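Residue numbers (UniProt numbering): 1 to 207.
Each hint should be verified, as a subset may be incorrect.
Derived Cβ-Cβ restraints for the label pairs, each shown as a range [as the list claims (entries may be wrong)]:
hint	residue 1	residue 2	range
1	L206	A75	20 to 26 Å
2	A75	M113	34 to 40 Å
3	G77	G123	22 to 28 Å
4	E122	Q58	34 to 40 Å
5	Q58	P95	41 to 47 Å
These are calculated hints, taken from the structure and not from any lab test. Here the structure is a predicted model, which means the values were calculated and not measured. Beta carbons: idealized from backbone N, C-alpha and C, even for Gly.
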Amino acid sequence: MAQAVFPAGAYCRAVERIIAAGQRMDRFGWVPATAGNISIRLPDGNLAITRSGGHKGQLGPDGVICVDPQGRPLAPGDRPSAETLLHCQVYAHDPAAGAVLHGHSVASTVLSMAGGDALVLEGYEVQKVFAGQDTHAARVHVPIFDNDQDIARLARVVAPHLAGMCAGYIIRGHGVYVWGADMDMALARLEGLEFLLACELEKRKLP
Numbered sequence: 001m002a003q004a005v006f007p008a009g010a011y012c013r014a015v016e017r018i019i020a021a022g023q024r025m026d027r028f029g030w031v032p033a034t035a036g037n038i039s040i041r042l043p044d045g046n047l048a049i050t051r052s053g054g055h056k057g058q059l060g061p062d063g064v065i066c067v068d069p070q071g072r073p074l075a076p077g078d079r080p081s082a083e084t085l086l087h088c089q090v091y092a093h094d095p096a097a098g099a100v101l102h103g104h105s106v107a108s109t110v111l112s113m114a115g116g117d118a119l120v121l122e123g124y125e126v127q128k129v130f131a132g133q134d135t136h137a138a139r140v141h142v143p144i145f146d147n148d149q150d151i152a153r154l155a156r157v158v159a160p161h162l163a164g165m166c167a168g169y170i171i172r173g174h175g176v177y178v179w180g181a182d183m184d185m186a187l188a189r190l191e192g193l194e195f196l197l198a199c200e201l202e203k204r205k206l207p
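Taking the hints into account, I'd like the entire structure generated from these sequences.
See the structure below:
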């Protein structure tokens, strides 16, 4: 397959990073079928984000669109995911956030359906990938919110908890949201969280 050629510019660099992130997430099985979404904040405040309905492991340049900070597409006919609002919420809350990732792993789906309003991670060295964590002895709380097809309503439920989220959050039976200052940091935090969730799932299988 021929290598895609991108013209210069912040938007096109963002598209390249989103495509690469989608391929990386797909390799780990975190974006099955058309699940998940990926975004980057552009220098002008707009967002480059995956188009609704595309497979994130098979993205091309046309699988990414540009929306304004409220999630409205800038090009007529473009259709962002309904969950774009959750990306916009993170960027509005955290001026330092540069990339947001949403995946649907087996571990996050199964653990979140086991009940409770948070997962508590403790004793893992990998916890130190999260902001403010410098020891495995700390307790990392990952909030769990009930799934809701009304994304605006879900965003209102999430909003009061954003300030305390160093490791992102989970939507029950759905998947995780993680962010970072740039795509590299967001991916590191996603991989860290997914590793820890997979460990927790394995622990629950022990006698």
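Run the structure past the numbered hints and jot down the numbers of the failing ones, going up.
Numbers 1, 3 and 5 - these are the hints that the structure violates, sorted from lowest upward.
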